[in-house]
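S.K.: Single-letter residue listing:
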Amino acid sequence: MTYDATFRVWRGDASGGDLQTFTVPVNEGEVVLDVVHRLQSTQAGDLAVRWNCKAGKCGSCSAEINGRPRLMCMTRMSSFAEDETVTLTPLRTFPVVRDLVTDVSYNYEKAAQIPAFTPRPRDPDGNHRMQQVDVERSQEFRKCIECYLCQDTCHVIRDHEENKRAFAGPRFLIRLAELDMHPLDTTDRRNAAQEEFGLGYCNITKCCTEVCPEGIHLTDNGIIPLKERVVDRRFDPLTWLGSRIGRRPRS
Amino acid sequence: MELEKHEYDVVVVGAGGAGLRAAIEAHESGARTAVVCKSLLGKAHTVMAEGGIAAAMANLYPEDNWRVHFRDTMRGGKMLNHWRMAQLHAQEAPDRVRELEDWGALFDRTPDGLISQRDFGGHRYARLAHVGDRTGLELIRTLQQRTVALGIDVYMECTVTRLLTDDDGITGAFGYWRESGRFVAWQAPSVVLATGGIGKSYKVTSNSWEYTGDGHSLALQAGATLVNMEFVQFHPTGMVWPPSVRGILVTESVRGDGGVLRNSAGNRFMFDYIPDFFRKETAETEDEADRWYDDKKNNRRPPELLPRDEVARAINSEVKAGRGTPHGGVFLDIASRRSAEYIRKRLPSMYHQFKELAEVDITAEPMEVGPTCHYVMGGVEVDPDTEAARVPGLFAAGEVAGGMHGSNRLGGNSLSDLLVFGRRAGLAAAEHAAKREHTRGLLADDALADAARAALAPFEREGGENPYTVQHDLQQTMHDLVGIIRTEPEMRQALERIAALRERVGNLSVEGHRQYNPGWHLALDLPHMLLVSECIARAALERQESRGGHTRDDFPATDAEWARTNLVCSRAPGGSVALTRQPLPQMPAELAEIFEEGSA
Amino acid sequence: MRTRDDAPVTTTAPRGSGAVSAGRGSGGPAPRRATIAARTLRTDRWWVQPLVTVVVLLLFIAYSTFRAFQNAYYSAEPYISPFYSPCITTRCEGDSFPEFFTGPAWISPAIYILVLPLGIRLTCYYYRKAYYRSFWLSPPACAVAEPHRRYTGETRFPLVGQNVHRYFLYAALLFNVILFYEAVRGFRDETGEWGHMGLGTLILLVNAVMLFLYSVSCHSCRHIVGGRLNSFSKHPLRYRAWTLVSRLNARHMQYAWISLFTVAFADFYVFLLATGTITDLRFF
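Chains as they are written, first to last, in full-length UniProt numbering: chain A, 1 to 251; chain B, 1 to 600; chain C, 1 to 284.
So here's chain A without its partners, still in its complex pose (with noise of 0.2 Å):
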């Protein structure tokens, strides 16, 4: 059930690199980083890739494949043709650090500027009340596992490097849906979502949603969900005098 298959690989850092062709062995089930990590084990051994779980939880292994934003641990080689050239480069949104591994710190500097989570108080026998069809609309943005492939794929960024200052990406934009939906949460980050986030700038074409390892329908449950909330707030001129007047309480 072996096989040698044929990868390109692009190797280098921020002042250069080119795609380099290897030829490696693959046994039956293997995945993606498998035959990355018989590369290092044999081949390169300092070639660099990111990875922790291997079991599509962490979301470290995100690269290309194929063009394609992708979990090298989630990809099989079966989905390949065993004569099929796999071409394996870094994420192309994010500044590379050396070889397959990206430098994301874009992501975790949005991250922090997300108004934190401010939650109403506890019930006088200190517990939270909450049912289930309550918690489930922010459960599902919960699944996400921070693999930033989203991030990576979302035009809005990966082909305007200048608008990564006022565009937090998906991952962000449906954190900022998770918390207004969020039962216990007291913090408005509509406005924000709008003017510092730049909810405006997707025009949700829905890559990300078609990237997610994780099946999370960003765009449809979170992102428009999201955009409609802000046109409540600030295009909808009879929800807005409705709230003025305090007939609309946000419930």
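Since the hints were made in silico from the structure, they are not lab data.
There's no promise every hint is true.
[What the hints assert, rightly or not] Straight-line C-alpha distance at most 25 Å; calculated SDA-like pairs for lysine to any residue:
1) A:Lys143 - B:Arg124
2) B:Lys345 - C:Ala250
3) A:Lys143 - B:Ala340
4) A:Lys143 - C:Arg247
5) B:Lys355 - A:Leu33
6) C:Lys129 - A:Asp185
7) B:Lys345 - C:Arg247
8) A:Lys164 - C:Arg150
9) A:Lys143 - B:Glu101
10) B:Lys203 - A:Asp46
11) B:Lys345 - C:Arg251
12) A:Lys164 - C:Phe157
13) C:Lys234 - A:Asp220
14) B:Lys320 - B:Pro242
15) A:Lys164 - C:Ala37
16) B:Lys355 - A:Glu140
17) B:Lys5 - A:Glu109
18) B:Lys297 - B:Ala149
19) A:Lys164 - B:Ala149
20) A:Lys164 - C:Pro158
21) C:Lys234 - A:Gln139
22) B:Lys320 - B:Arg124
23) B:Lys355 - A:Glu162
24) A:Lys164 - C:Trp136
25) B:Lys355 - A:Gly29
26) B:Lys355 - A:Gln139
27) A:Lys143 - B:Tyr342
28) A:Lys143 - B:Leu114
29) A:Lys143 - C:Tyr239
30) A:Lys143 - B:Ser116
31) B:Lys203 - A:Asn27
32) A:Lys164 - C:Lys129
33) B:Lys345 - A:Asn27
34) A:Lys143 - C:Ser246
With chain A's structure known, arrange chains B and C on it following the hints.
M.R.: Same frame as chain A, now just chains B and C:
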């Protein structure tokens, strides 16, 4: 020498659950706090935890309370746990879970709107607060977001290679940035180790590359002691096929939610392996076991939910007796017992994991599972109330600390352990730093230079050995000779091989340069792995009985004398490991009573 | 305990900001991206989908523009083309929707009518995706570089106007009522007697249903019926409505395309009847 230096009150090594909880507490106690971690923030091994956080919140069973949890924990650990740690853990876990909700965590709910709790092996009542089967992710994300909100400094992708000490204890730590290979040192009177476990020394493991035992090793080298190192938990259910995913965890929740184990003949073999110790509380027939899921009051637990050591040994025996699956495991079947919708709702990531990695639909066919190295019960010997190690200023919490779980850890108790003792360690570390406000040790230049020299040594050698080969040989040795079933000759052989590997580690060489070089990183991790492996092998050889996560083929029974004895590893002159016996701390009478009253 | 702004030994990593240092110990500026010249390394036929979208939408636009300006052959009793319903001019023969508007006869009534369905489709969250990708190539497909030098998305005029989508939804719902009315009128024969049904009745009815499903499955509708609430448990009825709309919303794309075809086909069928090319298949 180019060296980046920082000064803090508390430096936390490791950014998993324990590390982040410690950092939060230290920060909130007023200490200037830094977290140093080998991976990116939020990727620590805690994300792999699936089942839940054990805490006697009594949301589903009002009968549950800390005394029951304490009793379960002690019995699960075969009474070798440090009683005080088990007590604090059981008492404080519910509060630690509730405060996560104040930081944004969203657990699954009961119909009353409280945190839902699920059944798990060894726990008398449904006790695990959970979010589907991704509780670890929820825990790490909540703590990560709290850490960021508080503005705590995090040094990501940064590895600590040495703890620095003077005559009065800890003075700081030395490490390197993985990205650039440059050195960095932190001057701090308190260091909290929260580095996790040692699983990467084994071939089949559920642990990630980070689990190289570096915290255990750093503590030992700084003069601290390790306790209970012979106890390594093999989780009964890891994936066995395909080979590339061998060892990846299959959560115990599969069994908690109705899954059963069968051998190749289709028998629920766990009924043949109920030990006397648990016979009174375990179902004897399949009917009774099946009734238990709906009526826990009048039925006893299915034997699939015995503590992990019992189940792992049973699976091991079935496979050895030739009743295993084609790929050398046993069947874990939930497909024939629960609806597809239920399975997808309760076990979404298991469904996903098998679908993607093994092309198995767990709602339609059984899984193949087998034991996998999962957790080390042993670790840094600490004071139960403050998590202080024997070196002043050194603290340890989470998997790297020892004592809490005795000879075997119950599922769900690790996440609560992280929170309870992470918090205590952070608090004590901040207090210690405050006490040392005017008497802080400085980083000695010669110690820093020595640490840097040692780190660069693999680059100096040409034509030496490939670190990946040495790692592979170590994993094979530990798997074959110090695995789930142990014998004296095999362990003697293991010690010889470890000694030979040490020679080879002294002769490693790596290619390339210092910038993000995995070969070099591994070369620096290997000495830690060897030291910890030696501790495990030595302690396992010494303990001539079987108990919990330590099974001796040549001494299959428990032994009354060993029930009162701990094994403690310390650093011997010349870099090897010294072993001493130490009496088990005695439980006060009012706690001992818990085991005499309703022992059913 | 020291204050947080005590001078450290050296400062290279960010301090006290929570902004974590992602392995950038040197503190220098962020290094650059990997140098890869290709616009995309995708090996699949990523261009097929945008191409198909362009072709189908252009065909529809061409057909509907022709029919809207044709200002003829839109009525064949008891049917009326959805492009021209409600019949708002006196040129409608027979007993149609109440006549309440009479514009200059040379302006096709379809022009007034089609503005609103055009509005909901232009601002629809699904069609936005479709035409941003296929017509504007922004991006043409995932992980394929777009050709534009600058990009501001929907942050400024005119695209910020996409946020009015919900008003077009309200208007579209009104049209859905009218189309059902017209479909029901198809159960009368050409003399106005009830108890008739022809293939045209069925076509108008299916079209009305599909357009209705397209409207109620829309993201704005999902928000309005319940998505805006944070506590579903306190509003069980709205939660049920939201659950239902959510289920439809998952098929919003399908409804968008199906209803596009049914509306064009319904018009075409009426056209064929009105020109006398075919006669209606009568069931009873």
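S.K.: Against each hint, give a clear statement of whether it holds in the structure.
M.R.: Comparing the hints with the structure gives:
1. Between A:Lys143 and B:Arg124 the alpha-carbon distance is near 29 Å, which puts this suggested pair outside the 25 Å criterion.
2. Pair hint B:Lys345 plus C:Ala250 holds up; C-alpha atoms about 19 Å apart against a cutoff of 25 Å.
3. For the proposed pair A:Lys143 and B:Ala340, the alpha carbon gap of about 21 Å is at most 25 Å, so the pair holds.
4. A threshold of 25 Å between alpha carbons decides the hint, and for A:Lys143 with C:Arg247 the separation of about 21 Å falls inside it, so the pair holds.
5. For a cut-off of 25 Å, the pair hint linking B:Lys355 to A:Leu33 stands: about 18 Å separates their Cα positions.
6. Note on C:Lys129 and A:Asp185: the hinted pairing is violated, with a Cα-Cα distance of about 31 Å set against a maximum of 25 Å.
7. The straight-line distance between the Cα atoms of B:Lys345 and C:Arg247 is roughly 17 Å, inside the 25 Å bound, and the hint therefore holds.
8. Between the alpha carbons of A:Lys164 and C:Arg150 the distance comes to roughly 13 Å, so the proposed pair stays at or under 25 Å and holds.
9. Between the alpha carbons of A:Lys143 and B:Glu101 the distance comes to roughly 16 Å, so the proposed pair stays at or under 25 Å and holds.
10. Between the alpha carbons of B:Lys203 and A:Asp46 the distance comes to roughly 22 Å, so the proposed pair stays at or under 25 Å and holds.
11. For the hint linking B:Lys345 to C:Arg251, the alpha-carbon distance of about 22 Å falls within 25 Å, and the restraint holds.
12. At most 25 Å may separate the alpha-carbon atoms for a hinted pair to count; A:Lys164 and C:Phe157 meet this at roughly 21 Å.
13. Using a Cα cut-off of 25 Å, the hinted pair C:Lys234 and A:Asp220 holds, with the two alpha carbons roughly 23 Å apart.
14. Among the hinted pairs, B:Lys320 with B:Pro242 is consistent with the structure: their alpha-carbon atoms are about 20 Å apart, no more than 25 Å.
15. Restraint check for A:Lys164 and C:Ala37: satisfied, since their Cα atoms lie roughly 21 Å apart, inside the 25 Å limit.
16. The straight-line distance between the Cα atoms of B:Lys355 and A:Glu140 is roughly 20 Å, inside the 25 Å bound, and the hint therefore holds.
17. The straight-line distance between the Cα atoms of B:Lys5 and A:Glu109 is roughly 23 Å, inside the 25 Å bound, and the hint therefore holds.
18. With a C-alpha separation of about 44 Å, the suggested pair B:Lys297 and B:Ala149 falls outside the 25 Å cut-off, and the hint is violated.
19. Of the supplied pair hints, the one linking A:Lys164 and B:Ala149 holds, its CA atoms being roughly 21 Å apart against a limit of 25 Å.
20. Taking the CA atoms of A:Lys164 and C:Pro158, the gap is about 22 Å. The hint holds against a cut of 25 Å.
21. As the CA atoms of C:Lys234 and A:Gln139 are separated by approximately 19 Å, the hinted pair is consistent with the 25 Å bound.
22. With a CA separation close to 31 Å, the supplied pair B:Lys320 and B:Arg124 exceeds the 25 Å bound.
23. For the suggested pair B:Lys355 and A:Glu162, the alpha carbons sit about 40 Å apart, so the restraint of at most 25 Å is broken.
24. Proximity of A:Lys164 to C:Trp136 is assessed by CA-CA distance (about 21 Å); at most 25 Å being required, the pair is judged to hold.
25. Distance restraint check for B:Lys355 and A:Gly29: the Cα-Cα separation of roughly 12 Å lies within the 25 Å cut-off, and the hinted pair is therefore satisfied.
26. Among the hinted pairs, B:Lys355 with A:Gln139 is consistent with the structure: their alpha-carbon atoms are about 22 Å apart, no more than 25 Å.
27. Note on A:Lys143 and B:Tyr342: the hinted pairing holds, with a Cα-Cα distance of about 19 Å set against a maximum of 25 Å.
28. With a CA separation close to 21 Å, the supplied pair A:Lys143 and B:Leu114 stays within the 25 Å bound.
29. For the hint linking A:Lys143 to C:Tyr239, the alpha-carbon distance of about 23 Å falls within 25 Å, and the restraint holds.
30. Taking the CA atoms of A:Lys143 and B:Ser116, the gap is near 18 Å; set against the 25 Å cutoff, the hint holds.
31. Proposed proximity of B:Lys203 and A:Asn27 is supported: the alpha carbons are some 18 Å apart, at most 25 Å.
32. Our distance criterion of 25 Å between C-alpha atoms is met by A:Lys164 and C:Lys129, whose separation comes to about 21 Å.
33. A hinted pair counts as satisfied when its Cα atoms are at most 25 Å apart, and B:Lys345 with A:Asn27 does not qualify at roughly 33 Å.
34. Distance hint between A:Lys143 and C:Ser246 is fulfilled; the C-alpha atoms sit about 20 Å from each other, no more than 25 Å.
Of the numbered hints listed earlier, those contradicted by the structure are 1, 6, 18, 22, 23, 33.
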